[in-house]
Amino acid sequence: MIGCFVTGTDTGVGKTLASCALLHALAKHHPRVVGMKAVAAGAEPDGQGGWANEDTLALRAASTLAVPAALDNPVLLPDPVSPHIAARRAGVQVTLPPILDAYRQLAAQADAVVVEGAGGWRVPLSETLGIADLAMALQLPVVLVVGLKLGCLNHALLTAEAIRASGLPLAGWMASRVDPQMLVPEENMDWLRRQMDAWGAPLLADIPWQATPDPHSVAVTLPRGWQ
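In our numbering, the protein residues as written are 72 to 298.
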């Protein structure tokens, strides 16, 4: 079973689009692929009398394996704010055991599981727990989504260093061109590619800016061993 954890340099850098693109790429080689939004902050009507997060809905659409909501989104918080604040407002304590149990059940059914984080690597889930703690508990290789915009070099290097310091493998990175007005994006890309290559983290995808995100249009090179 192939599993990975997708994190980003910030909120709104295209983690969901990247995760969905990874699912589509994996589905070309594996019949049963599923996305997981372990912790989601922000809920909307799902059209079936319940509630769901828009990222979770996108992951479900990109998955080939349908599972209960309790498995692909074990923690759903109503308010679209930082998860630790959303949890406090909802009177919920985010803990690892239910999330890890949901992941184990997904892994038992699937050929590949793509777990999408919330926000960036250091986003808090509670006063004592964060996204990095969740990734380390899952013990999955990490894919870093870098939002190409002013400041991305610092954000990318700090995040990559933190991932490597955690002991988890950095399986690769995906460039997400979130700012169509960014100056000299190719120079930034070249610098990032050299830095990441030196750490053994290949570029998996260069995602163009899209007014309407379409994961089917994203060309993804899967890491070795994921095919």
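It is possible that part of the hints are untrue.
Computed Cβ-Cβ distance ranges for the label pairs, DEER-style [as the list claims (entries may be wrong)]:
| hint | residue 1 | residue 2 | range |
| --- | --- | --- | --- |
| 1 | G296 | A179 | 17 to 23 Å |
| 2 | G118 | E257 | 38 to 44 Å |
| 3 | D204 | G83 | 18 to 24 Å |
| 4 | G162 | A269 | 44 to 50 Å |
| 5 | H100 | E198 | 23 to 29 Å |
| 6 | D117 | Q266 | 20 to 26 Å |
| 7 | G296 | T135 | 15 to 21 Å |
| 8 | H287 | R264 | 39 to 45 Å |
| 9 | L171 | P149 | 21 to 27 Å |
For the record, the hints were derived by calculation from the structure and aren't laboratory data.
Where is the CB? At the ideal position from N, CA and C, for every residue including glycine.
Would you say the C-beta atoms of L171 and P149 sit inside 21 to 27 Å of each other? Given about 23 Å between the Cβ atoms, the range holds.
39 to 45 Å was suggested as the range; check whether the CB atoms of H287 and R264 agree with it. Taking Cβ atoms as reference, H287 and R264 lie about 25 Å apart, which means the hint is violated.
Given the hint of 20 to 26 Å, is the C-beta distance from D117 to Q266 inside that range or not? 41 Å, violated
Is it true that G296 and T135 lie within 15 to 21 Å of each other by Cβ? 20 Å, holds
Given a hinted range of 18 to 24 Å, is it respected by the beta-carbon distance of D204 and G83? Given range 18 to 24 Å: holds, Cβ gap about 22 Å.
Consistency of beta-carbon spacing, E257 to G118, with hint 38 to 44 Å: 42 Å, holds
Does the Cβ pair G296, A179 satisfy 17 to 23 Å? 20 Å, holds
Taking the Cβ atom of H100 and the Cβ atom of E198, is their distance within the range 23 to 29 Å? 41 Å, violated
Can you let me know if the beta-carbon spacing of G162 and A269 is within 44 to 50 Å? 46 Å, holds
Violated hints for the displayed structure, listed by number in ascending order: 5, 6 and 8.
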